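Participant: Top line first, the protein sequences correspond to chains H and U. So the first sequence is numbered by my numbering: it starts at 1 and just counts up by one. So the second sequence is numbered by my numbering: it starts at 1001 and just counts up by one.
Derived from the structure by calculation, the hints contain no laboratory data. Because the structure is a prediction, the values reported are computed rather than measured. Note that beta-carbon positions come from the ideal geometry of N, C-alpha and C, so glycine has one too. Treat the hints with care, since some could be wrong.
[Claimed, not checked] Pair ranges (Cβ atoms, derived): (1) U:1226 - H:296: 42 to 50 angstroms; (2) U:1226 - H:158: 35 to 43 angstroms; (3) H:313 - U:1208: 39 to 47 angstroms; (4) H:90 - U:1297: 34 to 42 angstroms.
[Claimed, not checked] In silico negatives: residues of chain H with every beta carbon more than 12 angstroms from chain U: (5) 9; (6) 74; (7) 127; (8) 313.
Number of protein chains: 2
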Amino acid sequence: MRALVLDGQNISLDERHPEASPPPGEALIRPRRMGVCATDLELCQGYMNMTGTLGHEFVGEVMAVGRAKDKAWIGKRVVGSINCVCGQCDMCQRGLSEHCRDRTVLGILNRDGCFADLFTLPVQNLLEVPDSVDDDHAVFVEPLAAAYQVLRQLTVEGRPFVTVLGDGRLGLLCAQVLTELNATVRLVGKHPEKLELCEKWGVKNRLLNDVGLRGDQDIVVDCTGRADGLTTAMQMVRPKGTIVLKTTVSGNHPIGPVDLSPLVINEIQVIGSRCGPFPEALDALAAQKVDVLSLISRRMKLTDGVAALQTAKQPGVLKVLLEP
Amino acid sequence: MRALVLDGQNISLDERHPEASPPPGEALIRPRRMGVCATDLELCQGYMNMTGTLGHEFVGEVMAVGRAKDKAWIGKRVVGSINCVCGQCDMCQRGLSEHCRDRTVLGILNRDGCFADLFTLPVQNLLEVPDSVDDDHAVFVEPLAAAYQVLRQLTVEGRPFVTVLGDGRLGLLCAQVLTELNATVRLVGKHPEKLELCEKWGVKNRLLNDVGLRGDQDIVVDCTGRADGLTTAMQMVRPKGTIVLKTTVSGNHPIGPVDLSPLVINEIQVIGSRCGPFPEALDALAAQKVDVLSLISRRMKLTDGVAALQTAKQPGVLKVLLEP
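Extracted from the complex, chain H is given alone in its bound form (with noise of 0.2 angstroms):
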């Protein structure tokens, strides 16, 4: 089979075995549409120094199982989370099993990733994904959960006001998913044709050049994939408000020192922000309460892999898809 590998700084499609049967307790995915995340591209910066099969955003048919009791999810078509745990460590027993300390993370940490013929995940993390979401939305499960997490960890008082800081794939999605609350959200990005996405679904916008600095929103969140999102979002954020971190960066590209004394001086809340619940976003996709093929740039096949990563880094270019 193909897969898309990732060797130290090389990208290249391999051809490689996939194992004649999955392990026990997990399934052999034939994934039928492949995201590319920004995750992706950092991965290949040096980020985590993943090496072997990336990919980590799917939905998928399962074409076998390891174990006889699940063969009823051969042939369903799935989502899964991306995150494989042991059940065991001190995190996954006190219902923490999303930070297990011996997981291993679909095509980020020590397991390969989606972006081939075939690949096997744990079937515990599947998710059945209904005939009423199509492959071109459920393969955006894993993003829109990771905007869902924003929306768990805020607790909301009065109606704040609340800024999406970036404009791409992450930011669009959280800005979607955040007029669920009861605030004002906004999303600030530096490209005017990525905000007219927001005048289409009704999302007040504005240009970073345009927006003062002035220390006055309630909750900003940092979409940015960018080092200098969180001292931008510092300005942005009022005294005793909440950042919400998305963005992680390379530790191999770090910029210039970021001043965190703001943090203190104003007495800032920062709150890390990774994955989220998958079946929260499957029930927004099905009730088509968040426009995700909008989204979508361009599709290519897995077989130009190297090319959508490329593509994928293209200013403008929002979610590249692949298809197998």
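With chain H fixed as given, assemble chain U onto it according to the hints.
Facilitator: Chain U alone, transformed into the frame defined by chain H:
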């Protein structure tokens, strides 16, 4: 009158004329004891670009007031909160006056401090010191209030493991205060002679080199005063745990870039923490809940203020008090 003045990078004992009478709403105060704080040392290194008289920790006597209706304050022994606020901006209006947009801060921001024979502070900032709290205790109200602020900001469930990181003045105060929590509290530092104080108080304590950075603490309070404190705190705290950040580090003295990706990956919450509630601190001193006398390393005269700031920087030195 004499005043310890920071003029750009130079500190000197200057002769200055006090104002003949304090402005309306303010009191003229003669300090009886003054405390040297880590913030004073940072200011000397360029933090906040401060110029003027240093000093914000004091207990003193009210000598005069600017308004007849405040006459009752004359002769009172007082401490005073350091943020002087406008009462009218959006922060003041919403009950966050410690974050007043137009505030001045005693000895820190646009207001001469207390390292002088006389200084002024708004009457509304003052708190009378009861006879049961002597000068040596009362001078600790400001830093002790900063420790109580941590208690106020934390919400605690179960019986969490709490590490106070840093065995300086603030760390030693925080460790004592946090024992009020239903929690297992330990102080982690680098100086055996400071950790001995914890032994005396019955507070658990460990040397940093003897502690595994295992990501198992529910709460870490960074009182290191060092830019790398946050990095250590991120290694100590468990996923979904909380870091309280007390350290402000001068933007003029940055160290290498901090990799903040653990905040996101481990969904850590960081809470900036600054000044705190004076009444709680004064009550704690009156109730003898906190030992501050053991923190006094040296007593020096205001005349020797320049030397006192040097002394406060020496390893092993805790609180340096100034007397008139």
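Participant: All hints, please: hold or fail.
Facilitator: Hints versus structure:
1. U:1226 - H:296: 42 to 50 angstroms: At roughly 47 angstroms between Cβ atoms, residue 296 of chain H and residue 1226 of chain U fall inside 42 to 50 angstroms, so the hint holds.
2. U:1226 - H:158: 35 to 43 angstroms: 37 angstroms, holds
3. H:313 - U:1208: 39 to 47 angstroms: Since residue 313 of chain H and residue 1208 of chain U have Cβ atoms about 41 angstroms apart, the given range 39 to 47 angstroms holds.
4. H:90 - U:1297: 34 to 42 angstroms: 40 angstroms, holds
5. 9: Non-interface label stands for residue 9 of chain H: nearest chain U Cβ at 19 angstroms, farther than 12 angstroms.
6. 74: 34 angstroms, holds
7. 127: Correct as stated: the minimum Cβ-Cβ distance to chain U is 21 angstroms, above 12 angstroms.
8. 313: The claim stands: residue 313 of chain H keeps its Cβ more than 12 angstroms from every Cβ of chain U (closest is about 20 angstroms).
When held up to the earlier numbered hints, the structure conflicts with none and fits them all.
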